[in-house]
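Using the sequences and the hints, build the whole thing.
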Amino acid sequence: MKRLIRAALCSALILGLPAALEAKPWWLRGAQSNEGDFLPPDVAFRVGSRIDGNVVRVQWGIADGYYLYRDKMKIEAESPDLTVGPPSFPKGTMKNDPNLGLQEIFTQQIEGAVAFNRSDYGAHPVQIRVTYQGCAEAGLCYPPITKVLFPGSATPLPHHQALTYPWEGDAIIAGGLAFLLAGLTLRKGRRLETPMS
Amino acid sequence: MNERALRVAGLGLVAAAAGWAAFRMAAGPAVPYGDGQPVGRPAHLGLAAGGGSASTDVDPAQPLPKIPDRLPSFTLGDRAGNPTSIDTWRDKSLIINFWATWCAPCRREIPMLQSLNGEWSGRDVQVVGIAVDHRPDVVTYADKLKIGYPVLIGEQDALTVAGELGFASPVFPFTVFTDRRGDVVTLFVGELHRAQADLILSVVQELNDNRLPLAQARRNIADGLHGLAPRGSG
Chain E
1 MKRLIRAALC SALILGLPAA LEAKPWWLRG AQSNEGDFLP PDVAFRVGSR IDGNVVRVQW
61 GIADGYYLYR DKMKIEAESP DLTVGPPSFP KGTMKNDPNL GLQEIFTQQI EGAVAFNRSD
121 YGAHPVQIRV TYQGCAEAGL CYPPITKVLF PGSATPLPHH QALTYPWEGD AIIAGGLAFL
181 LAGLTLRKGR RLETPMS
Chain H
1001 MNERALRVAG LGLVAAAAGW AAFRMAAGPA VPYGDGQPVG RPAHLGLAAG GGSASTDVDP
1061 AQPLPKIPDR LPSFTLGDRA GNPTSIDTWR DKSLIINFWA TWCAPCRREI PMLQSLNGEW
1121 SGRDVQVVGI AVDHRPDVVT YADKLKIGYP VLIGEQDALT VAGELGFASP VFPFTVFTDR
1181 RGDVVTLFVG ELHRAQADLI LSVVQELNDN RLPLAQARRN IADGLHGLAP RGSG
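From first to last, the protein sequence lines are chains E and H.
If you're matching positions, the first sequence starts at 1 in our numbering and goes up one per residue.
If you're matching positions, the second sequence starts at 1001 in our numbering and goes up one per residue.
The set of hints was computed from the structure by calculation and includes no laboratory data.
For each residue, glycine too, the CB sits at the ideal point set by N, CA and C.
One or more of the hints may lead you astray.
Stated by the list, open to error - Below, a list of computed lysine to aspartate or glutamate pairs in the EDC-like style, where the Cα atoms sit at most 20 Å apart: (1) E:K72 to H:D1137; (2) H:K1092 to H:E1119; (3) H:K1092 to H:D1137; (4) E:K72 to H:E1155; (5) H:K1066 to H:E1164; (6) H:K1144 to E:D97.
As the list claims (entries may be wrong) - Taking beta-carbon pairs under 10 Å as the criterion, some of the chain E residues facing chain H (in silico): (7) F38; (8) P41; (9) Y69; (10) K72; (11) P98; (12) L100; (13) N117; (14) S119; (15) A123.
Dropping the structure here:
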C-alpha cells in the first residue's frame, strides 16, 4: 500500500510541477518583491473567437477573483474590407467603486458578438481586433490589452489549445514520465512474472 | 499481468488525471473555442484612451525581467510639464508609486500615500508618484485630490522607466522602495496598505541606520509581509 501511495505522490508531483511554475507571476521570479499571487494578463483573461454565420463571437474566460470592465471592451475590424457592427454583450454585474463610481463588470465567462460584412470576396482572412481591460479584486489593474484575432470556423479548433496553454506539451510528457516512474517504483525488487516462471 | 499490476496501472492513470485536472485549473478558465490561426501580432498595452502602447506578450525565449539592485536614473515631466530627475531626491529613501487614473486600487492608495509622505518627511523619506497616463487626466485628478507629493507624468517614457525597473509590461499599482543610498529594497506589486508600508519603511530605516545588510532587510520584508493579513479586496 505504501508503494501505491508513493507512486501516486510521484505522479502528482511531476504533473503538478508545470502548474506550480506557472502559478508564480513571471515578474516576481528571481526578484526581490512581495509574494503576491497575481496572474499574468493572458492567464487572468483568456480570449478566443469564432465565426458563426455572419457573426463573429468572441469569448473571454476570466479567472476567479478577476473582472473586466464592460465599457473598456471593444470588438473592431482589422482585416481590409471588413466591416463590423456594434458589439453586443450580455448584461454584466454592477460594481460600486467609491473611486470610479458605478461600473458594469464581467466575471467568469462572457461572450460578445458582432455582425460582420466582408467586401473582399474572401481575399483576406477575417481578422478582428479586441480590446479589454480588467483588474484583480485583490487590488491590481492591468492596462488595456489589444489583440488581433483570427476567428476560426464554427467548429472548435483543437490546435488552438496548444497556443492557449504553452505548458500542455510538457504536461503530456510529464504525465507519461509519471506513469513510467510509478511503474518502475512498483516493480523495483520484483521479478518479471512470465508463464514460464 | 496480475490483478495487482492492473490496480497499480489504474491508480497511475487516476493520479495522472488528477494532476492534469489540477494543471488545467491552475492555468485558468478555458475558452471553449479559439482562433483558426495563430495570433499574428503580439498584444499591445495601450494607455486608457488608446494612447501610447508597448508590447505585453512575454516571450518564453527571452530572459525573465529582473528588478535592478540600484534605482536607475530617469527624468519625467512634473505636473507643470517641467522635466524632473528622480535624482532630485538623492540621499532620501524613496517610495515611488506607479499609478494611473483609470486604476481603482491606485486611486485608493493615494490618501494613504499622502499620510505617509506627511508623517515620514522629517525622516528623509519622500513619496514620488509616477502616473503612467495621459497628462491632462493626471493633472485634473491630482489637483482634485490636492496630492501633496511630487507627481511625475509620462506615457511611453514612463513605461520605459517601468521597464528599467523590471516591468516591461507593468500592472498597476506597483511601488518601489529605495534606501537613501539608492538601493532598490523591494518592489511591491498591487495595492499597498498602511500596515505593509509601515513594515517596509521600518526595515528601510534599519537599513539607513546601518543596522541591517540589504539581503537581510529584503528577507525581513518578505517574512513580515507574509505574516500580515491578506490584502483587502476591492
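Hints the structure fails to honour: 3, 13, 14 and 15
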